[in-house]
Each structure stands twice: as structure tokens, then as C-alpha cells.
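S.K.: Let chain A serve as the given structure and place chain B on it in line with the hints.
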Amino acid sequence: MQSTAVITPSTLSVNDLPWQIEWDKNTCTLCGRCTSVCPVNAIELGVHRKRTVEALPGLPKKPTNSYSIYHGIRQRTDPAYRCIGCAMCNMVCPNNAIAPRLRPEATTLKFHNNRGGAARTRGGRRNDGGSLLDQIKFIRISMLTDPALDAGRHEFELRTLLGRIQPPEEGLAALAQNGWVPAVREIYPLMIGSMSFGALSPNMWEGLVMGVTYLNEELNMPVRMCTGEGGCPPRLLRSRFLKYMVLQIASGYFGWDEIIKALPDMKEDPCAIEIKYGQGAKPGDGGLLMWYKVNKLIAAIRGVPQGVSLPSPPTHQTQYSIEESVAKMIQSMSMAWGFRVPVYPKISGTTTSTAVLNNLVRNPYAAGLAVDGEDGGTGAAYNVSMNHMGHPIATNLRDCYENLVISGKQNEIPLIAGGGIGKNGNLAANAAALIMLGASAVQSGKYIMQSAAGCVGSEADRCNVCNIGVCPKGITSQDPRVYRRLDPEKVAERLVDVFLSFDTELRKIVAPLGRSTSLPIGMSDGLGISDYHVAERLKIKYVV
Amino acid sequence: MCRLFALSSRDPVSPMRAIEALNVMKEGHDGSGVGLFLSDLGGPFGEMKDAPILSGIFTDEGLKRLDAYMGERGFVTRKTLELDPRTKPPLGTPVRGSYIARAYEAPADLKAKSQAERELAYMLMRVELRHMGEDKEDIRVFSFWPDTIMVKEVGDPMEVGEYLGLDRPELACRRILAQGRQNTNYAINLYACHPFFLQGVCTMTNGENTAFVPIREYLLSRGFPGYMGYQSDSEVFAHIMHFTLNRLQFGIEYYKHVITPLSDAEMAEHPDQALLARIKQTCRKLIIDGPNCVIGCLPDKTMFMVQDRKKLRPGVVGGKPGIFAFSSEICGLDAAIPDRDQHADFQPMHLDTAIVRPQCQEVTICNQLQSLPRPH
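Top line first, the protein sequences correspond to chains A and B. If you number the first sequence the way the working numbering does, the last residue is 591 and the count never jumps. If you number the second sequence the way the working numbering does, the last residue is 378 and the count never jumps.
Don't read these hints as lab results, they were simulated from the structure. Keep in mind that a hint or two might mislead.
[Said to hold, decoys possible] Derived CB-CB ranges, DEER-like:
#1 B/82 with A/182: 49 to 59 Å
#2 A/555 with B/265: 15 to 25 Å
#3 B/352 with A/540: 30 to 40 Å
#4 B/114 with A/217: 31 to 41 Å
The beta-carbon is built from N, C-alpha and C at its ideal position, and this holds for glycine as well.
One chain only, chain A, in its complex shape (with noise of 0.2 Å):
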């Protein structure tokens, strides 16, 4: 800062930065490659001019100064600029000479991220670091009053049902009688939760689809992928891999001209379709895709002009009533294939969960209920949202589920939870807790993004840029300088490592609690926590 500098409010420092670069002037080979790389051009070509002042000991002569130039890395500091921690310039560092550290003391920048009158908006999680899931134990443990299973050797039968499942007596005349029985589908317990084409890369979703098409196809795990709002690619809607997606509708139908048109051309009925009314990221909000990731492609797909923001409604806006809207919405896209193929709600976290679980109790055509809880992410949202709205998901799910249980509904409505699974990479240990407060299934968007493409984000404000487009991993971003960075072949194998480990962690889960013929749904009394009244909310054992 030079003396004669303006000072304005958000003229700030290095220091009121959270992420703060250190660069080590000895090790730099001055290649650039950092500043090339830096998504956000948080650092720049630092052209140094440094003063000694060479004074030599008694008075023989004069100091004197030297002057002298040297070049290095300047890391800028307006908040438009502000480093994001992403790490990218210590990943193409030959010397590891460069990297940011992060300083969470340093909040000025907090109070200046709104230039221009613009709430900040981001993309990723609630960032905070907190998990009620990961206290959750599992306490019930096989040994001598029953066999402990071998995770390794015994036969598993992991998976769950996702649609509508007739009570029973129902179920048996309506067989007997060829009457109409719901869509069923058996599915892998752990969903790809909803992520849109648009919010990410071609080349993240192509390596997604690839993968999950392996799974299926090769090691029989019924893994199924949700597409997000924003449509699907033509080709995949027209082919048989169709049947590995779940096709979402949300509230600015975007994509649905493409599906819609693609119908008479369909080999395979989708999974099943997802009416997304709330996400646990951003509660009473809608979807948000903002013009820098609208392309030619996505334009084209979404059926929108290029180079706008697509911010969809926070409701549907044939919404008039919760009973006529979700039924007739429900109504019509099972009508649209022919009553073949599950239609579920999905909502936000919220108080008002059970009365719409109870509503959807009394439509037979009701398929499930997702219900994503507030550590959800998103590609974009703003930061209050994201940061402040919302409903835990453990009570929320487990009130849901008891809901069920009064009704005598458990077995018939599936609950999918979501929201923070995995969020400090216990996914499994996540899942598990979930399933047995009463989930029948789990979706995880985060964690697959962070495991099977390498997404930096964590719950500490690092990067948190897939609003923008910049995505330095190319998981996020429909530039395809960027996304060429992105190999769909790695990520494809790498989301079969994910399910793989997954697979083998939940078995080393339930082998111990003594289940293997049924995933342990509601099997509350497996679990334990350490903290009274989570335990009395949750219904669960208070163990310490």
C-alpha cells in the first residue's frame, strides 16, 4: 500500500483475507504455470522493486543504497479477487513453491463480499464442519446371543425398493385380480443425488453415466443417478441406459421440451421422475444456473437463449393447493408413461415435511418422499440460503418415518434422505445411521463430486465457485478449457471404487449388527449417541 493510495472501506489486506497464498521466493522457477492456472486470478506476475542499504560498520564511509528488481507472485487483494483456497497453484507448482493457507480468524473479507449491492452467491455446502450423523454409533453388536456375520463371506442383500409398495392385502388381490400394481423399482440403497446437466461439466456427467452404466452392467449393483433439473442429453434419452436415471422436473421445467419430444423414441422407461419442490441447500428457492455456465449445449437443452441466468421460481407455478398440485402433478407424469414408471416428491428439509408426507400417504400413485436436508449442496445459491435455511435432516427423516410407522404407511411410502451424507467422507457410517432411523434409501451429490472427480470444496469456504463456471477440476464448469481437465473415463472408474468401498463399508456395518437377508430399515435400536436429548429426539439409546 502506497502512501498515497485511496483507502476506500474494502480497501483490505492479505491479512483480512481468509485464504492467504504463501510463496516461497527461493523454490519459484518463475514458470507462470500458478497464475495461469488460478480460476479466480487471485495472484499475478509481481514485479518486486527491493532497497538494501549496505552500511558498513564505523564511519569509513557512507551508506549506501543498492536497488534491485526481482519477480514473484503478488496475491491481489479485492474481494472480486479474493484467493479461494482451491489449491490449484500448488497443484501445477514444480517446486511447491506456492500454496494458500488458510487463516479462519482473518473475517474482514465476510463484510465486503457483497460489492455492488450483490449478495454473495456460491456453490457447495453449508460449511460447517458439524455432523450429527458422524456421532451417531452403531451399538447392537452380534456376538454370542446371535453370530456375528462375516462382512467378507456371507451373502447380502442390500438393496431397497423405490415406488409405491401396496399394504400387503392389496398388493395380493391386485395380482390375483391383474389389477394395477405400481412401478417397483429395486435399487442400490445410495442414490446420485440430483445434479444438473449444466451445473456440471459434459465430461462429469458423461464419466458419471459411464460409471453408474458399469455398475449396473457389470457388477450387478442397481446403482441409480438423478439428473437434476435441466433435462438430459438427447442420446441418453434414447437409449437403453435411460433406465439408470432418474429424470427430475423442477420448478422451471427446463429441459422438459427435450424429454418430452424424446418420448415416442424411448427403449427404456426412466427409473423413475423426481419432482424436486425444495432442495436442503437452498430452501425456498429455486434451482440457479447463472448465465456462465449457459452454452450453446445447455441452451440447446434447456431450450433458452445462450448467456443468461437461469434462475428457476421457488415453486412450481401450477402450484395452488398442496393436495391438487402434487397430485396432479404426480398425475401426469405417471400418466405420461403409462403409470410405469414411480413419481416421488422431493422437498426441502422442513417442519411442514410431515404434512406432506401425510398427503402423499393418501395418494396411491405418491411413489416415495425425498426429503434433503439442510447440509445438502448446490452449484449456486446464495450464501444466506445456503448457510441459514433450512432442517437438519436426522429429525426431520426420523419424524417423517414415525409419521409412517403411526399410519401403518412404513413399508409403503419410501423415504429418501439426503443432505449431508458424508460430509466429512463417512459416507457409509452416514448411510447407515440414516437407513436405520428410517430411510429406505440415501442421496449423496457432494461426496460423489468430491470422490470421484476430485471437488476440492470442503466445509470451510474453500472454492465454492460452481456458480461461476470456473471449476478448476472441470467438475463444474462448461468451458471446455476447463473441463478437458476432466477425463470421464477416470471419473467413471473412480465412482466404481466409490460404490465399491461404499458396498463393502456397509456390509462391514450391518454383518456386525447381525442383518443381511433386508437392508435394516428403521432398525432404531441398533443406534446410539453420546448426547441425551438427540437420543430422547431421535428415539434412539443414550450411550456413553
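M.R.: Same frame as chain A, but now just chain B:
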């Protein structure tokens, strides 16, 4: 683990025969309790097959309340068997009162109703009596059903049997289920003692039921007042059988398809694939996850044994025409029917249901891979 023994005999036998079999299996139970289900009775009760018999334990006060309750509903006592031991109870057995089996003449209006209505009325009365006695523990009822007597008590089976004097002609019967309890939960509640009875269905189980909580929640939410209790995780096996027979209208051959459905691969080859898949889906909450061996008796006096694939030491069934026994250990079978052809003993595996019909002529094995009789 609890020890189980069941007898199906053409001619009435003393319940002590089953208790003696439990006694030789003593290594496996700790004498913490015994439960008996006696049906198809010989003796005087056998001559009043339609009269509902109330079995339970009553204090003097409880008996008075019982009489008032039954009197109000127009039930008249036809015969009472009172086991009122005068000797000191064995170690661990409390003095509770009178052990009663009392046959009633049902009121004429109830008799005029359909069998289903009568059966519902008996069940509801039993449940109501049970609730009446819960606070003061002056009334404990185990069954209220024609041609059925049940006894349950805490203590060593042999000692309790002798203490109660079970070797008496009134208790001779053709179907016996007997359980020697291994107390794994220390809450010695008489209602947690097997066998469990509901509307003519009676089962007993050994092994832990790992899926107990979801199954219990499911049964409790069926809206049927008989699905209650669950002091033991094994009670659900009786109620699932009741559900299979009464709600689904299936026969015994279907029970195993409800509790341990075939894997998808096995099912794909099955002639009744569509039906089995539907059962597996719609009754998913009734899938047990073992390891369990279930022995039971149905309202038509058919007896059966099933177990799941995790049961490491399966039970055994054997005997000779006229008498067959189901036992959790072979030594129990040896003690009860030593002169049988041991080579014909059968240990049902994970796909089998071993069935002995009331005629006691043979053991029929129903394998889950076989085609099923059509539901009627």
C-alpha cells in the same frame, strides 16, 4: 439359547414327557423359565372341544375380578382345573397364586355368531383381562381359546413341572409346545416366556431376532388388537404366522416365504415367481433376519418347524407314525422318542418347512423352491 421341544401325538400324552425332554437339554437353558402350550386335549377338557378355556395365574383378588368380568359377559364356568401347589416353590419361582385352566360355556348370543366373530371376541377378552391385571399383577392370562391350555412360570422346567403337578390326566394332550428359557435379558416377565399364542396360532423360537423393532412397529400398526405385548422379540413370529394365515389367507407353506423370502436369483427360477416377488415386496417389513428356529402349532393342529439360513445349529424333527417330536437338540428327541428310526430324523435347512399334520403319520418337507398350493 432357549431350548425348544414340541410333540404331536395321535394319542394324548402327559406334558411331563416334553418337560423331561427339556431336562436332558438342560445344558442349553438356565432354568429361568418354562412355557407350555397344550392343545387337542384328552381327559375331561377333551370332551368340551368348543368351550373356550382361559389359562392364567390369578391371586384370590384376581379370581374375584375374573369371575365378575366373565359373569358380566354371560360366560358360565363348565370346568376348572386349579393347580394350587401346597409345597414350597422351587428356587427362583415366586408364589403367585392359583394356576387356572377354566372352560366356559359361552353365552348364547355369542354362540349364534360366526366362528370369526367368536374368535375375535375370545381374543379381545383375553387382551382386556391381560390389561386389567397389569397394574396389580393379580391377573395373568396366556390364552382364552377352545381346547387349549397354557402354563408359564419362572424356574427350572423340571422343578416347576413337579411343583405344579403337571403329570395329571386333565393335562394329557396331543399337541405340546414346551420351552426352557435361557434368560438373555434378565427382565423375567412371564409374558416374555414362550410359547406365544394368538387365536389358535402358537409358536416358540430360539435365537435373537435382529429385525425385532421394525417388525414390532409394523405389526403394532396393523390395527389388530391382538398384535400387542412384545415383551419378547420372539412374539412376533407367532403374530407373523397369524398374519399369514388370517390376513393373507395363506397356508403354512407360505410362512417361510414371508419371513425368509428367496433371493432374487432363486426366485427367478421359481414357478410362482410373480406371487413370491409380490409377497417379498409387500411383506418386506416382516422379513426376519435371524438366526431363528421357529416351532409352532396352527389352529388346525398342524405342527411345523422352520429356520433361517443363519441358524448354525438347526433343530430336528423325528418320530414314528403316531408320534413325532420337534426339538432344538437331538438329545431331546432321543429322550422323548428313543424307539424311532433315527436315520429318518430331519434337520430342516434354510429352505425347508417341516410339517407334521394332526394325523401324525409322517413329516412332510416343504421346500421353498417348490411350487406353492394356490391360495384359496
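S.K.: Taking the hints in turn, state whether each one holds.
M.R.: Here is how each hint holds up against the structure:
Remark: the range hint 49 to 59 Å for residue 82 of chain B to residue 182 of chain A is upheld by a beta-carbon distance near 58 Å. The hinted window of 15 to 25 Å between residue 555 of chain A and residue 265 of chain B holds, with their beta carbons roughly 21 Å apart. The hinted range of 30 to 40 Å is satisfied by residue 352 of chain B and residue 540 of chain A, whose Cβ atoms lie roughly 37 Å apart. Between residue 114 of chain B and residue 217 of chain A, the C-beta spacing of about 32 Å keeps the proposed range 31 to 41 Å intact.
The earlier numbered hints are all upheld by this structure, with none contradicted.
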